[in-house]
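A.B. asks: Next come the chains, spelled out residue by residue.
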Amino acid sequence: MKILVTLDAKNYSKNILKDVARLAGNTLADVVFLGVQDDTASPRQSLVNTLLKYQKDIYSYFSPDDLPYAEFSSDRLEEKGKGDWTISAKGMKEFTLRIKSGSVAKQTIAVAEEMNCDLAVLGCGGKAGCEWDGEMNVPLRIAKDAPCSVLVIKQTKKTNQIVSILDHSVVSQDSLEMINQLVTLNEAGLKIVGVQKKKDGHKAEVEKRMVELLRYYNDLEINVWVKLLNSEEVKPYVTNISRESIVALWMGKESLIKLLFSQSMVDKLLETTQSSLLILR
Amino acid sequence: MSNGQTSILILDDEPIVSKRLKPSLEKKGYEVETFTKGADALQRVRERHFDIVVTDLKMEGVDGMQFLSEVKEKYPDTEVIVITGFATMATAKESFNKGVFDFLAKPFKLGEIAEVIAKAEAKIKKG
Numbered sequence: 001m002k003i004l005v006t007l008d009a010k011n012y013s014k015n016i017l018k019d020v021a022r023l024a025g026n027t028l029a030d031v032v033f034l035g036v037q038d039d040t041a042s043p044r045q046s047l048v049n050t051l052l053k054y055q056k057d058i059y060s061y062f063s064p065d066d067l068p069y070a071e072f073s074s075d076r077l078e079e080k081g082k083g084d085w086t087i088s089a090k091g092m093k094e095f096t097l098r099i100k101s102g103s104v105a106k107q108t109i110a111v112a113e114e115m116n117c118d119l120a121v122l123g124c125g126g127k128a129g130c131e132w133d134g135e136m137n138v139p140l141r142i143a144k145d146a147p148c149s150v151l152v153i154k155q156t157k158k159t160n161q162i163v164s165i166l167d168h169s170v171v172s173q174d175s176l177e178m179i180n181q182l183v184t185l186n187e188a189g190l191k192i193v194g195v196q197k198k199k200d201g202h203k204a205e206v207e208k209r210m211v212e213l214l215r216y217y218n219d220l221e222i223n224v225w226v227k228l229l230n231s232e233e234v235k236p237y238v239t240n241i242s243r244e245s246i247v248a249l250w251m252g253k254e255s256l257i258k259l260l261f262s263q264s265m266v267d268k269l270l271e272t273t274q275s276s277l278l279i280l281r
Numbered sequence: 001m002s003n004g005q006t007s008i009l010i011l012d013d014e015p016i017v018s019k020r021l022k023p024s025l026e027k028k029g030y031e032v033e034t035f036t037k038g039a040d041a042l043q044r045v046r047e048r049h050f051d052i053v054v055t056d057l058k059m060e061g062v063d064g065m066q067f068l069s070e071v072k073e074k075y076p077d078t079e080v081i082v083i084t085g086f087a088t089m090a091t092a093k094e095s096f097n098k099g100v101f102d103f104l105a106k107p108f109k110l111g112e113i114a115e116v117i118a119k120a121e122a123k124i125k126k127g
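Going down the list, the sequences are from chains D and F. The numbering of the first sequence is the working numbering, which starts it at 1 and goes up by one. The numbering of the second sequence is the working numbering, which starts it at 1 and goes up by one.
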């Protein structure tokens, strides 16, 4: 698994490091830490220092025998292109620091595409919403356009339930696997909520999809709870459960949920959730 | 390694995994056999040697850890790559203690596992 983590010096970034370390430790992922700055001349030293500090924090999570990453040979990032600097260390798995200049959302999406990542992770600010320092709607724009699944961590409080909202459309194997990793990581229960349009003929398809998923989890000897909702019940339900659970929204191209959850609704969800939001692709 | 072709056994109870991996690896020149049932895979490794074994850990009716132990016991030179949708640090540690070559958490891209297989192959060829 390849994980991209976009970070800055703010608390909403610092606070996700423990979760990132646990995720990296469980999955033995290749990890890229991305910092984004305005200027293109050279990597800003304060940002370099921040990322190096975060790298040390992540490494310290592992015992020396278990650390899958190597130390960098120097603290100096090499220029990869204009406004693009990087340093990498390859142990059993690879750890990379990358600094790019430009917009946080755009550069995150660009690096996610370039590295072919499986999961993009970022933190999200406190009570007033989900703003990043100096740039509007960063988590929302990344969630909307990233080529991979996106995990927005709002608060790193322990959650014991993952609620996965699915519809009639084909759910990718990658999405199921991402949910499974989060269930394992959080030692959480899994609830699958099927969404159907009240008036159209999707009901049978949704039910069929739910049965397939039940069979899938039954074969893996994993208990799941299943619930079926009409489309108009989804928004209040998700708003309510997002206070206690990690919500995973399947938002593939053909997804009904993508239609139901307008960008403003996802933004609102990012604002109100007390846990984390996983956008699945 | 027969006729210079590296042989790979893939065991995953989700048919989609083999369906994705087999053609891609065969295109790269590997000899690939796929299994969705642990008992069948076990029977096959008792019959013949594989250079590389790719196995899931959590499968219906079979313990992947037990399977990889048996493979390593019978053929210590076989490189085993673990793929799992339910990764934990403990299972990774246990896998490495049993001598696996690498541990990949699902989801992963085809390129990622192809790279790991190429490294395992290079190690085998190096002796």
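Because the hints were derived from the structure by calculation, they are not lab data. Every value quoted in this text rests on a predicted model; they were computed, and no experiment measured them. Heads up, the beta-carbon is just placed ideally off N, CA and C, and yes, glycines get one too. Treat each hint with caution, since some may be false.
Listed next, the stretches of chain F that the computed footprint assigns to chain D, with coverage defined by at least 3 CB atoms under 8 Å from CB atoms of chain D [stated by the list, open to error]:
1. 28 to 37
2. 84 to 94
3. 107 to 120
The calculated lysine-lysine pairs, modelled on DSS-like cross-linking and capped at a C-alpha distance of 30 Å, are [said to hold, decoys possible]:
4. D:Lys90 <-> F:Lys37
5. D:Lys18 <-> F:Lys37
6. F:Lys109 <-> D:Lys80
7. D:Lys208 <-> F:Lys37
8. F:Lys98 <-> D:Lys53
A.B. asks: Indicate, hint by hint, whether the structure satisfies it.
C.D. replies: Checked hints:
1. Note: the stretch 28 to 37 of chain F has 0 residues with beta-carbon separation from chain D under 8 Å; the three-residue rule is not met and the coverage is violated.
2. Only residues whose beta carbon comes within less than 8 Å of a beta carbon in chain D count, and the stretch 84 to 94 of chain F has 7; three or more means the coverage holds.
3. Counting residues of the stretch 107 to 120 of chain F whose C-beta lies closer than 8 Å to any C-beta of chain D gives 5; at least three are required, and the coverage claim holds.
4. Of the pairs offered as hints, the one joining D:Lys90 and F:Lys37 is violated, with about 35 Å between alpha carbons and a cut-off of 30 Å exceeded.
5. Pair hint D:Lys18 plus F:Lys37 does not hold up; C-alpha atoms about 37 Å apart against a cutoff of 30 Å.
6. A distance of roughly 24 Å separates the Cα atoms of F:Lys109 and D:Lys80; the hinted pair therefore holds under the 30 Å criterion.
7. About 25 Å separates the Cα atoms of D:Lys208 and F:Lys37, which keeps this hinted pair within 30 Å; it holds.
8. Simply put, F:Lys98 and D:Lys53 have alpha-carbon atoms about 34 Å apart, too far for the 30 Å limit, and the pair is violated.
Violated hints, listed in ascending order, are 1, 4, 5, 8; each of the other numbered hints is respected by the structure.
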